[in-house]
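Protein chains: 2
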Amino acid sequence: MVATTTVDVLIVGAGPAGLALANWFRDSGIRVLLVDKKPGPTPRGQAEGLKSTTNEIFDSFGIGPQVVAESWRLEEIAIWGTREEGGSGIVREQVILDKVDELGTVRETMLQQSRVEHHMLQNLLSHSNISIRYSTCPVTVEIDTSCSHGADGYPVKVGLTHETQHDSTSNGSPTTNGVDEQGVADETIHAKYIVGCDGARSWLRKQVGVVLEGDLTDSVFGVIDFVPKTNFPDIRRVCYVRSATGTILAVPRSNKEVRFYIPVSSSGGGALPDPKDVTLDRILAAARAIVSPYTLEAGAVSWWSAYRVGQRVGSHFSRCHERAFLVGDAVHTHSPKAGQGMNTSIQDAYNLGWKLRLVLQQGRLVRSLGLGGDPAAAATPHEALLRTYEGERRPVAQDLIAFDRGYLKLFAAPSAEFDSEMLRGMKFTTGLSIRYPPSCAVQLPRGVQDLGPSLLKADLVPGKRLQDFQVVYQADSIAARIQKRLQATGAFRVIVFAGDIAEAGQFAAVQKLGEFLADRGSGLGQLTTPSEGEDSFAAWEEVPVEVLVVHCADRHKVELLAMHEVYRPWSSDQGYDYWRVFADAESVLDGHGRVYERLQLDRQKGCCAVVRPDGYVGAVVDVDNFSGLRGYFEGVGMLEVSGVPTARL
Amino acid sequence: MVATTTVDVLIVGAGPAGLALANWFRDSGIRVLLVDKKPGPTPRGQAEGLKSTTNEIFDSFGIGPQVVAESWRLEEIAIWGTREEGGSGIVREQVILDKVDELGTVRETMLQQSRVEHHMLQNLLSHSNISIRYSTCPVTVEIDTSCSHGADGYPVKVGLTHETQHDSTSNGSPTTNGVDEQGVADETIHAKYIVGCDGARSWLRKQVGVVLEGDLTDSVFGVIDFVPKTNFPDIRRVCYVRSATGTILAVPRSNKEVRFYIPVSSSGGGALPDPKDVTLDRILAAARAIVSPYTLEAGAVSWWSAYRVGQRVGSHFSRCHERAFLVGDAVHTHSPKAGQGMNTSIQDAYNLGWKLRLVLQQGRLVRSLGLGGDPAAAATPHEALLRTYEGERRPVAQDLIAFDRGYLKLFAAPSAEFDSEMLRGMKFTTGLSIRYPPSCAVQLPRGVQDLGPSLLKADLVPGKRLQDFQVVYQADSIAARIQKRLQATGAFRVIVFAGDIAEAGQFAAVQKLGEFLADRGSGLGQLTTPSEGEDSFAAWEEVPVEVLVVHCADRHKVELLAMHEVYRPWSSDQGYDYWRVFADAESVLDGHGRVYERLQLDRQKGCCAVVRPDGYVGAVVDVDNFSGLRGYFEGVGMLEVSGVPTARL
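Chains as they are written, first to last, in UniProt numbering: chain X, 1 to 649; chain B, 1 to 649.
Hints listed in this document are in silico derivations from the structure and should not be mistaken for laboratory results.
Not everything, but these chain B residues come out facing chain X in the computed CB check (under 8 Å): (1) E75; (2) V106; (3) T230; (4) N231; (5) S477; (6) H556; (7) L561; (8) Y578; (9) V588.
Cβ coordinates follow ideal geometry from the N, Cα and C atoms, glycine included.
Extracted from the complex, chain X is given alone in its bound form:
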């Protein structure tokens, strides 16, 4: 007898990508099942290094403080090379700051994958709509592509195989090494969507016929996490140590440990060694040769490995009419040295999660065909939105591989411009240059086909991530960072950059915008305010579009309660909401965010940005461009195009 289970989303693989994806479904009521063939959470090692964007994602999941508390900050990079005058040994060439000015915050921190997974996993455990099963993997999959998105069917049918469950009262750790895809299905899952977060050897990728395009590189690396006992003076800095026998990348981490990436050549020269043949002693010997004449001994070694790098991108990121998705290592592989693997996986998942959540929460999308004559929009809004996952993330992976090629080359053959190449690399890996192409979820101003160079330089642009910035609350002057404020609830935000509202004309314009935002007829009211008769604080927290204000007026000339009610809504149980209006002002202790300056905003006229649930800018319009604002939510399928609102479920 084969058991049958019905879920909304089946996630294959509970690594960083799968856990990040599952985090999007907290408090959603959507039924999610994660399966992983491993017997339990990853115990150790592997990926490390969290970019600022990834840390912002953790903030949005509510686990930022825990992650930061365990992470190690990187601040300086030392570059060592051989002596110019010849002779043996290495010399310090320069020390550069690990800092990207445009970012305004910590660029990178170090935390091992198992702890990252731990915090994301803990964050799921109290949510009964999300289940995780280890020692479980899929063995068959069938997808009925005739079923339309938004309908009630479950077109994905998956056979699962399980390791026999352990007695839950025993407290020993599992003794198995998990299961594999050769097993016999003992359970059938009916799902609406299936997502493969199942790593470089992805099972789902093979089932849906996606191929990885690209090659293996011609280098083998050893990686080792250990407490170094050394008189090398820069051991607590990020170091690139380039000697005649190769280049070490050394990165400090917590618990007095350091991670080394060390190239390992074949013992006899000639062909590359097989990573399986590489031993810890051989890696350490290679490291010693590079840092000589400095001494190097290993104290405690907590993890080590050896690998050969592939640089490949999947031919597709979604298949079967957007019923099956591939995320992270399942569709791109590259060298780990730029610390991009775990980050890109989590960011892929972060891009996909809110789209699935929105489509599954039927009430928030209009079910009918929506987008008129545009052939790309002939599909339902659901399908168009889901298709943007591949449209947005595949180019990112392709850019990453191109970057990685250059980076590996730099490693192999040190160039004279090592430091400027490094800086370019740091900027790239922070993701500041990512801009998603126009789509239903990234809308350019009417009539604009693509952004010209002048707009591209600006910092509030559709398709780019909303840059994090500091503002202060109008009500109490407490400083806040905007990305921390934007929790991953699935809500869009309309951020009204209201300009100088101490000036009467601008204040009137912002009040008028408030009326439009609250208007449940031809405005956005049905998205920004609770249903008639519901005015609890909880109802206000559940609206699909949250309205926020950032003004640049003299804060003491602004009275919060004089502003339109949509900006400081009243709830019968908790009074006014004081936490939606911010000033671009000096804080008492934390300095001035200078948002209007940094984002190049017009202080007189302001503007209005639609920020997607994942923190990317969806549209930017003038504060009086009501049709532009409404157009965005029509385009994404949340309002009827006719201008006649559809009732929300």
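Dock chain B against the given chain X, drawing on the hints supplied.
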């Protein structure tokens, strides 16, 4: 049959003071028993408001991040008054910043007592040397004052009474209201010291014959924690609302709540109401009258109370030859409105804890009479050190009462200088003005009887708290705050403000000081370095005096490994210790601490500070004043005066 238990320290009362005291004994091996007559931890309310010093104490206990994460920051204070031109209603007079420039950090945060207790309690649970028993209180006490400190005896004998223990397998909450001191002893405790942290009605205070000196004030206050529903515009600021019928103090807190302190007059005028007769409705009515014409309704009320303030200080803080101590509310009471009660209690305990720990860890004190001709030092070093608890904390309590009198008066009859009085109050309550008098633990330069006005203005002065400041690690440039670095381990610190060690002469002087600090003969080596043959990292972490360096040289001209080994010791298991040398330098992202400027230190010559385990400065000497340095540790009883070192246990 009466059970018998032997402990080192018996603490009566597991409130903020008792828990803070117990936190000092983590990882010490000293046996501590806390008893409290309550059936369990405080469920709610009461004290609130944490001053910067208290938050530094939590950092030193390792619970700073948890406390900060739950706390609410205060940034602005609004002052409201009646209309000058007469007429009804109130107007906003001014808004001032809740900020003390000298402090350089957040002055105050809000967190309710029960959560403060929770974090301190959690921090004890994994330490098997510390036990806590609720529903337990002392009923008898006898103290043998003939026993000398440092001997092996247990001169304190206490009879305890217990509520019958609940079955540990039942999971209901205790149904009793605790026990009282009228019970019959069913257990005898033999202890070396007893500490009364048992609140304003302290049982121990009565047993040891200490009286509270002072009076009840003539005002009755209601206090209420609630979600306000109001159109009063400054509800998220700290507010002093002064109307004809009284002054409300309103303080924002987390979970959208606000705390109000409201004066309640008798219903018929005339005599003061009995606090027992005051109802929630009456408090709310008084509040409404004050904020009128603004509306005020209460959403959820999480706690309320009414009380009449006493302003009293105990005649003694220790008795019975320093065998019995009184801490916190047990020896001083005052109005809660300056938020000083819980803070002062915790700070009292913080002052006492390390002294008891040092005395109980025999090996760290010389047992014989130590201080030659000084009559104050005729006692053993143990007794002299313990006596400084009263010498240091009683004046603080007296100053606090004096301050409170003025503060309450200000409340009752608003003065024209309300704002400047407020600022003065903020400075006082931060504790910046506290300076402990000279003693064995606070040593002035030889020949100086008291500090002149010029020295008093300086910021690195024996008897004052080491001001918190930011520096960067020499090894990796990561920014650190010094008070966070000074964990409450019981260790003293010698902080070498090394000056500009890029200059050869100064570098030589600091190296020479290093030799003295490492010298196990006539220097401080037996306090700063592990025993011969022990060179594990753990052994280095257990030395009773930790050596740190803060230099102001160009950081890139300093090589850490060129410095004397005592500044970056080697351990056989973990290599060098990279975390003892700091630079007063610009950090990558967090600005410049400007320590030498703020503390008015000589950049050429530097100086050397002894910092006590509680973060107060014990002595300040020149970097070549070896005898001054040694003199401090002789004075406090950790080295023999003769100059011949005593072997440590």
